[in-house]
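What follows is each chain in one-letter form.
There are 4 protein chains.
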Amino acid sequence: MSNLLPDSHPLAGHDSLIQQLRECGRLFHSRGWSVGTSSNYSVVLGRDPVELIVTASGKDKGRLESTDFVHVGPEGLPIESDQPKSSAETMLHVVLAEQHDVGCILHTHSVWGTLLSEHFFDEGGFEIEGYEMLKGLEGITTHDYSHWIPVFSNTQDIPILAEQVRERLADPMESMTHGFLIHKHGLYTWGNDVFAARRHIEIYEFLFECTARKLGFPVV
Amino acid sequence: MSNLLPDSHPLAGHDSLIQQLRECGRLFHSRGWSVGTSSNYSVVLGRDPVELIVTASGKDKGRLESTDFVHVGPEGLPIESDQPKSSAETMLHVVLAEQHDVGCILHTHSVWGTLLSEHFFDEGGFEIEGYEMLKGLEGITTHDYSHWIPVFSNTQDIPILAEQVRERLADPMESMTHGFLIHKHGLYTWGNDVFAARRHIEIYEFLFECTARKLGFPVV
Amino acid sequence: MSNLLPDSHPLAGHDSLIQQLRECGRLFHSRGWSVGTSSNYSVVLGRDPVELIVTASGKDKGRLESTDFVHVGPEGLPIESDQPKSSAETMLHVVLAEQHDVGCILHTHSVWGTLLSEHFFDEGGFEIEGYEMLKGLEGITTHDYSHWIPVFSNTQDIPILAEQVRERLADPMESMTHGFLIHKHGLYTWGNDVFAARRHIEIYEFLFECTARKLGFPVV
Amino acid sequence: MSNLLPDSHPLAGHDSLIQQLRECGRLFHSRGWSVGTSSNYSVVLGRDPVELIVTASGKDKGRLESTDFVHVGPEGLPIESDQPKSSAETMLHVVLAEQHDVGCILHTHSVWGTLLSEHFFDEGGFEIEGYEMLKGLEGITTHDYSHWIPVFSNTQDIPILAEQVRERLADPMESMTHGFLIHKHGLYTWGNDVFAARRHIEIYEFLFECTARKLGFPVV
Numbered sequence: 001m002s003n004l005l006p007d008s009h010p011l012a013g014h015d016s017l018i019q020q021l022r023e024c025g026r027l028f029h030s031r032g033w034s035v036g037t038s039s040n041y042s043v044v045l046g047r048d049p050v051e052l053i054v055t056a057s058g059k060d061k062g063r064l065e066s067t068d069f070v071h072v073g074p075e076g077l078p079i080e081s082d083q084p085k086s087s088a089e090t091m092l093h094v095v096l097a098e099q100h101d102v103g104c105i106l107h108t109h110s111v112w113g114t115l116l117s118e119h120f121f122d123e124g125g126f127e128i129e130g131y132e133m134l135k136g137l138e139g140i141t142t143h144d145y146s147h148w149i150p151v152f153s154n155t156q157d158i159p160i161l162a163e164q165v166r167e168r169l170a171d172p173m174e175s176m177t178h179g180f181l182i183h184k185h186g187l188y189t190w191g192n193d194v195f196a197a198r199r200h201i202e203i204y205e206f207l208f209e210c211t212a213r214k215l216g217f218p219v220v
Numbered sequence: 001m002s003n004l005l006p007d008s009h010p011l012a013g014h015d016s017l018i019q020q021l022r023e024c025g026r027l028f029h030s031r032g033w034s035v036g037t038s039s040n041y042s043v044v045l046g047r048d049p050v051e052l053i054v055t056a057s058g059k060d061k062g063r064l065e066s067t068d069f070v071h072v073g074p075e076g077l078p079i080e081s082d083q084p085k086s087s088a089e090t091m092l093h094v095v096l097a098e099q100h101d102v103g104c105i106l107h108t109h110s111v112w113g114t115l116l117s118e119h120f121f122d123e124g125g126f127e128i129e130g131y132e133m134l135k136g137l138e139g140i141t142t143h144d145y146s147h148w149i150p151v152f153s154n155t156q157d158i159p160i161l162a163e164q165v166r167e168r169l170a171d172p173m174e175s176m177t178h179g180f181l182i183h184k185h186g187l188y189t190w191g192n193d194v195f196a197a198r199r200h201i202e203i204y205e206f207l208f209e210c211t212a213r214k215l216g217f218p219v220v
Numbered sequence: 001m002s003n004l005l006p007d008s009h010p011l012a013g014h015d016s017l018i019q020q021l022r023e024c025g026r027l028f029h030s031r032g033w034s035v036g037t038s039s040n041y042s043v044v045l046g047r048d049p050v051e052l053i054v055t056a057s058g059k060d061k062g063r064l065e066s067t068d069f070v071h072v073g074p075e076g077l078p079i080e081s082d083q084p085k086s087s088a089e090t091m092l093h094v095v096l097a098e099q100h101d102v103g104c105i106l107h108t109h110s111v112w113g114t115l116l117s118e119h120f121f122d123e124g125g126f127e128i129e130g131y132e133m134l135k136g137l138e139g140i141t142t143h144d145y146s147h148w149i150p151v152f153s154n155t156q157d158i159p160i161l162a163e164q165v166r167e168r169l170a171d172p173m174e175s176m177t178h179g180f181l182i183h184k185h186g187l188y189t190w191g192n193d194v195f196a197a198r199r200h201i202e203i204y205e206f207l208f209e210c211t212a213r214k215l216g217f218p219v220v
Numbered sequence: 001m002s003n004l005l006p007d008s009h010p011l012a013g014h015d016s017l018i019q020q021l022r023e024c025g026r027l028f029h030s031r032g033w034s035v036g037t038s039s040n041y042s043v044v045l046g047r048d049p050v051e052l053i054v055t056a057s058g059k060d061k062g063r064l065e066s067t068d069f070v071h072v073g074p075e076g077l078p079i080e081s082d083q084p085k086s087s088a089e090t091m092l093h094v095v096l097a098e099q100h101d102v103g104c105i106l107h108t109h110s111v112w113g114t115l116l117s118e119h120f121f122d123e124g125g126f127e128i129e130g131y132e133m134l135k136g137l138e139g140i141t142t143h144d145y146s147h148w149i150p151v152f153s154n155t156q157d158i159p160i161l162a163e164q165v166r167e168r169l170a171d172p173m174e175s176m177t178h179g180f181l182i183h184k185h186g187l188y189t190w191g192n193d194v195f196a197a198r199r200h201i202e203i204y205e206f207l208f209e210c211t212a213r214k215l216g217f218p219v220v
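Protein chains in written order, with the working numbering: chain A, 1 to 220; chain B, 1 to 220; chain C, 1 to 220; chain D, 1 to 220.
Next up, chain A with everything else stripped away, as it sits in the complex:
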């Protein structure tokens, strides 16, 4: 593998995971889901306390280098000081990583996701129902299923948003199983590894495009 890091580097030993996130970046950028240095991706190294590798702030996601990542601890801060600045949204990753089965968190910005987050904001989210493609979401075994995508308000106060997400994850009345949108912003989804989280991104993007295009269809 290229780009092997020296033992003393805060990312040392995690080359394979980093390669997988870089490949996500190349794919998502080529699809238009991570343009303009938007998006951030992380893998979970530990949960007690939470340890993550997360993309550094302001990088072109289509051309991530092996060193464009930060090793952070449970408060979202770098575990060693001489690392690049991590994404402003790192605390959202930390909160999601606290869940017992989450190994990877991916956040993207697509046109369709953005439009739906705007269109359905007042309703707090929207339903996606009856599509075979829903079976790509972990644990879903039939198309005969209705999936709710919550839409959160956007804010620059990430700790507040992170707390809202934590509460929602714990809310027994309103489950949030696979992902959510932020208003005029983008998608967060997760999975037990990079493969699963990346699959969720593709599934959501497919279903978002279907949902948004249907809005422009004539009623028959």
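To be clear, the hints were calculated from the coordinates, so they are not data collected in a lab. Errors might be hidden in some of the hints.
Calculated pairs, DSS-like style, for lysine-lysine (alpha carbon to alpha carbon, straight line, at most 27 Å) [as the list claims (entries may be wrong)]:
#, chain 1, residue 1, chain 2, residue 2
1, B, Lys59, B, Lys85
2, B, Lys135, C, Lys59
3, A, Lys59, A, Lys85
4, C, Lys214, A, Lys214
5, C, Lys59, C, Lys85
6, B, Lys214, D, Lys214
7, A, Lys135, B, Lys85
8, A, Lys135, B, Lys59
9, A, Lys59, D, Lys135
10, C, Lys214, C, Lys135
11, D, Lys214, D, Lys135
12, A, Lys135, A, Lys214
13, B, Lys214, B, Lys135
14, B, Lys214, A, Lys214
15, D, Lys85, C, Lys135
16, D, Lys214, C, Lys214
17, D, Lys59, C, Lys135
18, C, Lys85, B, Lys135
19, D, Lys135, A, Lys85
20, C, Lys214, B, Lys214
21, A, Lys214, D, Lys214
22, D, Lys59, D, Lys85
Chain A is already provided as a structure; the job is to place chains B, C and D on it using the hints.
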């Protein structure tokens, strides 16, 4: 050719066909027709009894490995036990492979196909008529032709769906010559080899996009 | 250059032109303008009498081999007998090649072109006006220009269509300077070399997309 | 680095900047933002007086060679005579390069930008508001921001247009901070280096697509 399999492997000797299916996967994934591990592809090795090589379940179609395939027999079961699980929809491939001139079966999930399968479900299908591109369907020699795409109900009971497809293929009153959609699910098409089946995928996707975009056009 | 042909081959000595057409095929296929073995491309070797190299019939345009071409004479027939079958539309290429400044003819099938050819068929064509992009058409030096795209009826009788195109090219009242569409079929354009003809394809496709998308816009 | 130029060449020593512009070309062409030889790109070498490297006229932006650039001075003319012709719009680059923090200027032609420039021309521009993606514009730190995109009239008299742009840049009442559109033409944006200007292209294109697609949505 890379990825040569040992003689004892259930896929041994079929490297070229497997390479062709892998290339279909790369193309279809890049077009957005096989995302999120959706889709499945097969080639027919024999017809009496039916023998197929079909994609294993749950693989990323854009990055298929040579070993991400299963050699199955006439009941859709692996001919040897130490193979990966084949696609849940293997029996649909078996039924289609029973036809005398079918060498390859391709199943994809595109946004346009999904939207049309939903839009025209109550009518049982839809007509595509008068397009030069129809000549890309095997045996069609003029654009002056009307092609019906049936839309089947979706179900997780694949043997039932397979039986409906078998009956429809045999129905002298309602021919189903080149492919069909499943409601909110995707496209099945086939051809006498991978080249022909892949061409049918491209032809259908083109015609689906035309048909769906026209629905959004103003009437002049 | 790879794929050098032996001296005795009917395409011998034309490797560079053939490479350029193959590259057009890769580009146009990747854009969705030449899918499903649709489209055909030619370069003009001589004009008195007309001699062309044109794509063979039924090839995947995204993966053209150096031998997937035919050297044809003024009647559109192969100059030597042991060549593949040339495209069914070869006579259209011959007629266009008769014009004094044409070195390359490209025919593509895009969704937007197909939709516009259908939408504006009854009017015999449509106007594209005022776009800076029009300056990419050879000889156009200002955006302040109105360009008419004729739409011909489709037919499987190519000699009849070729004759209509020849008459239209010679018609002093209705010029047809850079290209035309065929109803529910596709685009023909040309240029003095492959570079110019390829540029015209890109220009037309851009303008077709603008024109078609505007039809779906609300009137303000 | 390939394509090293001899010391005597007017572009000598600027290989790295030229490589970055070539890579912009490959990306923007693949996205459909620089097709048909449209678009032009420059980097600023000096500001007192202005010196630029700008794309030569009429080149395919997806396949720029290292020599497809021109080194020009403050009047937009080549600093040495044996160079290719620079883009007809070079004076727009010069005017933008006069600003103290501009290191790179990128001009692209996208379908969405073109459609919006036409749709909102009578209003002189349009507002983009509340999108997280706005934070990709240099200096913007919150989504809670309203960004105005001016639309200028198109003209073939570039010095006149350049003067209008210069005046607008200096106008204290109507700021124009990151970019503008020209009617039925395309986008100009800039940044302190190629990375920033390229990011602005991606940000604008994303926001243009959102804005244009929303116009086609039904009102709920």
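A quick look at each hint next to the structure:
no. : hint                   : verdict
1   : B:Lys59 with B:Lys85   : 11 Å, holds
2   : B:Lys135 with C:Lys59  : 13 Å, holds
3   : A:Lys59 with A:Lys85   : 11 Å, holds
4   : C:Lys214 with A:Lys214 : 19 Å, holds
5   : C:Lys59 with C:Lys85   : 11 Å, holds
6   : B:Lys214 with D:Lys214 : 19 Å, holds
7   : A:Lys135 with B:Lys85  : 17 Å, holds
8   : A:Lys135 with B:Lys59  : 13 Å, holds
9   : A:Lys59 with D:Lys135  : 13 Å, holds
10  : C:Lys214 with C:Lys135 : 20 Å, holds
11  : D:Lys214 with D:Lys135 : 20 Å, holds
12  : A:Lys135 with A:Lys214 : 20 Å, holds
13  : B:Lys214 with B:Lys135 : 20 Å, holds
14  : B:Lys214 with A:Lys214 : 13 Å, holds
15  : D:Lys85 with C:Lys135  : 17 Å, holds
16  : D:Lys214 with C:Lys214 : 13 Å, holds
17  : D:Lys59 with C:Lys135  : 13 Å, holds
18  : C:Lys85 with B:Lys135  : 17 Å, holds
19  : D:Lys135 with A:Lys85  : 17 Å, holds
20  : C:Lys214 with B:Lys214 : 13 Å, holds
21  : A:Lys214 with D:Lys214 : 13 Å, holds
22  : D:Lys59 with D:Lys85   : 11 Å, holds
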